[in-house]
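Given chain Y, work out where chain W with the ligands should sit, using these hints.
These protein sequence lines are chains Y and W, in that order.
Letter 152 of the first sequence, counting from 1, is numbered 152 in the working numbering, and no numbers are missing.
Letter 20 of the second sequence, counting from 1, is numbered 20 in the working numbering, and no numbers are missing.
There could be a bad hint or two in this list.
[As the list claims (entries may be wrong)] As a list, the in silico DSBU-like pairs of lysine-lysine whose alpha-carbon atoms are at most 30 Å apart:
(1) W:Lys246 with W:Lys147
(2) W:Lys9 with W:Lys159
(3) W:Lys66 with W:Lys41
(4) Y:Lys199 with W:Lys147
(5) Y:Lys199 with W:Lys227
(6) Y:Lys174 with Y:Lys33
(7) W:Lys246 with Y:Lys199
(8) W:Lys56 with W:Lys91
(9) W:Lys159 with Y:Lys162
(10) W:Lys87 with W:Lys66
(11) W:Lys9 with W:Lys87
(12) Y:Lys174 with Y:Lys162
(13) W:Lys35 with W:Lys87
(14) Y:Lys199 with Y:Lys174
(15) Y:Lys33 with Y:Lys162
(16) Y:Lys174 with Y:Lys104
(17) W:Lys159 with W:Lys246
(18) W:Lys202 with Y:Lys199
(19) W:Lys35 with W:Lys66
(20) Y:Lys174 with W:Lys147
(21) Y:Lys162 with W:Lys147
Calculated from the structure, these hints are not laboratory results.
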Amino acid sequence: MARIIVVTSGKGGVGKTTSSAAIGTGLALQGNKTVIVDFDIGLRNLDLIMGVERRVVYDFVNVINGEANLNQALIKDKRVEGLFILPASQTRDKDALTREGVEKILDELSQEFDYIICDSPAGIEQGALMALYFADEAIVVTNPEVSSVRDSDRILGILASKSRRAEQGLEPVKENLLLTRYCPERVERGDMLSVEDVKDILAIPLLGVIPESQAVLKASNLGEPVVLDQESDAGQAYLDAIFRLQGQSVDFRFLNTEKKGIFKRIFGG
Amino acid sequence: MSQTGIELKGSGFTLSVLHISTTDISVVREALANKIAQAPKFFEMAPIVANVESLKGDEVDFHTLKNALQSLNLVPVGVSGATDEQKLQAKAAGLAVMVAPKTNSTENQPQPTTVIERVEVPVIERVKVEVPVEVKVPEYIPAMQLKQNVRSGQQVYAKDTDLVIIGSVGNGGEVIADGSIHIYGALRGRAIAGAQGDSQAKIYCYNLQAELVSINGTYWTSEQLQKHGWQQAGCIELDGEQLSVKALTE
Ligand SMILES: Nc1ncnc2c1ncn2[C@@H]1O[C@H](COP(=O)(O)OP(=O)(O)O)[C@@H](O)[C@H]1O
Ligand SMILES: [Mg+2]
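If we strip away everything but chain Y, and leave its shape as in the complex, we get:
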């Protein structure tokens, strides 16, 4: 049985798709059979970030409508063994996803995969609700600013009341905080909330802190998930988060302006 993980936030442009691509790819790199499912119907861009946009033939909605089977729609990644992408449709509208249709596809994927990563659209409407409904676990992507934190709080409330686990009174969806686009300089200047501020407000376990990084922009232009750039700070921070997701305890990095952190690590200080 697969672990179904939704990557969600409420707010748009905070790094959900970047994180879905990075975490899905990282899990596969570490030997887990993983599929990343794009729930952002009409605004697909997971395939761009994964660099598979030219290989999309069938999509999620085709499979729901019975116009293609799952194997026809799944795109196998050429770089990483055991990594697949289920792209979204560019042409359909958001209501194309039905609960029964989504459930059937997730059930089928669950037979084959270790992890199903659901890249949620922004907002709190149909598409976002569908992406989180069947989740066992949630990665709540948050930027260190007030409006993003507030939207994440909202999504946490929805996870606790509108998910399948909530509706059926099962064990609640496991919540993880992923703080992205973190910029220690701006935190010090007081322009941004600190890790502690955000943890304090949202009160859920911290999965990772991804620094604001040029490497992310570069990676998305190349169509290469940023974890594949293992020299980069963002790539390393995502890898740390992926270890934590699998239950390992890893120290947090990139939280301070002082570069000592990295040297300490290298020289074992």
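Same frame as chain Y, but now just chain W with the ligands:
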């Protein structure tokens, strides 16, 4: 004690009840006189209630009854078991209308709001002395207790009771109670206590950063709160017309 020199409180007293099964007051008086003769001390100036239930609405001359009782050195205080018509007549005669305790039927009622104890005191044979003690018990509704954060967009309402939250209330979250609200965490959203008109209701929280607090309709927004106990543990209460924030810890 009260500054007005008086204080009004509910209380229960032991009263003798005279059950009347005839409208002929002279018959009643004679029978009663015989009883009193057996224990005159016990009945001297005793307050007494006349129960007319078994008359089933037959007209009673309450004036005459009252005079008859007084002539026997009793103090008639009221009437019980009366029909609506009899109640009017009893009041006209200067007698109080009492609520007769119901027999046996109370046991089957779920969650009684009035507890009626009925004690039979066999003072003298065949004079039935009932001691109805009515104790008003406020209906007890346990507080609503939540062990969770109330997130943005969520609303919690504790109807007819207090609300206890082990967790925080986020910006855009709303907690409402007809009683008081206790938050063992930060209050960043809205808290509305005494929602149905209780001015005594209070709001307690560990860390006050609320968007709005209200007690019985009197409210403060974060603008005012920032001048009163902001980011402190506090208790918000209604002092007359004004809200106030008191520190929870010194
Ligand atoms: N850690 C980061 N550093 C710099 N830019 C980032 C980072 N994470 C995301 N971005 C940028 O933010 C924008 C939105 O990211 P995306 O993953 O598409 O967000 P979402 O899916 O939540 O809408 C993109 O331009 C992406 O390159
Ligand atoms: Mg996206």
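* To do: Mind checking the alpha carbons of Lys87 of chain W and Lys66 of chain W for me, to see if they're no more than 30 Å apart?
  => 14 Å, holds
* Asked: Are the Cα atoms of Lys199 of chain Y and Lys227 of chain W separated by 30 Å or less?
  -> With Cα atoms ~26 Å apart, Lys199 of chain Y and Lys227 of chain W stay inside 30 Å; holds.
* Starting from Lys174 of chain Y, check that the Cα of Lys147 of chain W is at most 30 Å away, please. => Since the Cα atoms of Lys174 of chain Y and Lys147 of chain W sit roughly 16 Å apart, the hinted pair holds (cutoff 30 Å).
* Satisfaction of hint between Lys41 of chain W and Lys66 of chain W, Cα-Cα up to 30 Å -> 20 Å, holds
* Pair hint Lys9 of chain W and Lys87 of chain W, alpha-carbon separation not exceeding 30 Å -> 24 Å, holds
* Is the hinted pair Lys246 of chain W and Lys199 of chain Y satisfied, with a Cα-Cα distance of at most 30 Å? -> Roughly 28 Å between the alpha carbons, so the hint for Lys246 of chain W and Lys199 of chain Y holds.
* Asked: When you check the alpha-carbon spacing of Lys56 of chain W and Lys91 of chain W, does it fall within 30 Å?
  -> 18 Å, holds
* **Holds or violated: Lys199 of chain Y to Lys174 of chain Y, with C-alpha atoms at most 30 Å apart** => 16 Å, holds
* Asked: Has the given pair, Lys174 of chain Y with Lys104 of chain Y, been kept, meaning a C-alpha gap of at most 30 Å?
  -> 22 Å, holds
* Asked: Quick one, are Lys35 of chain W and Lys66 of chain W close enough, alpha carbons at most 30 Å?
  -> Roughly 17 Å separates the two Cα atoms, so the pair holds.
* Take a quick look at whether Lys9 of chain W and Lys159 of chain W sit within 30 Å of each other, Cα to Cα. => 28 Å, holds
* To do: For the pair we were handed, Lys174 of chain Y and Lys33 of chain Y, check the Cα-Cα distance against 30 Å.
  => 21 Å, holds
The structure is consistent with each of the numbered hints, conforming to all of them.
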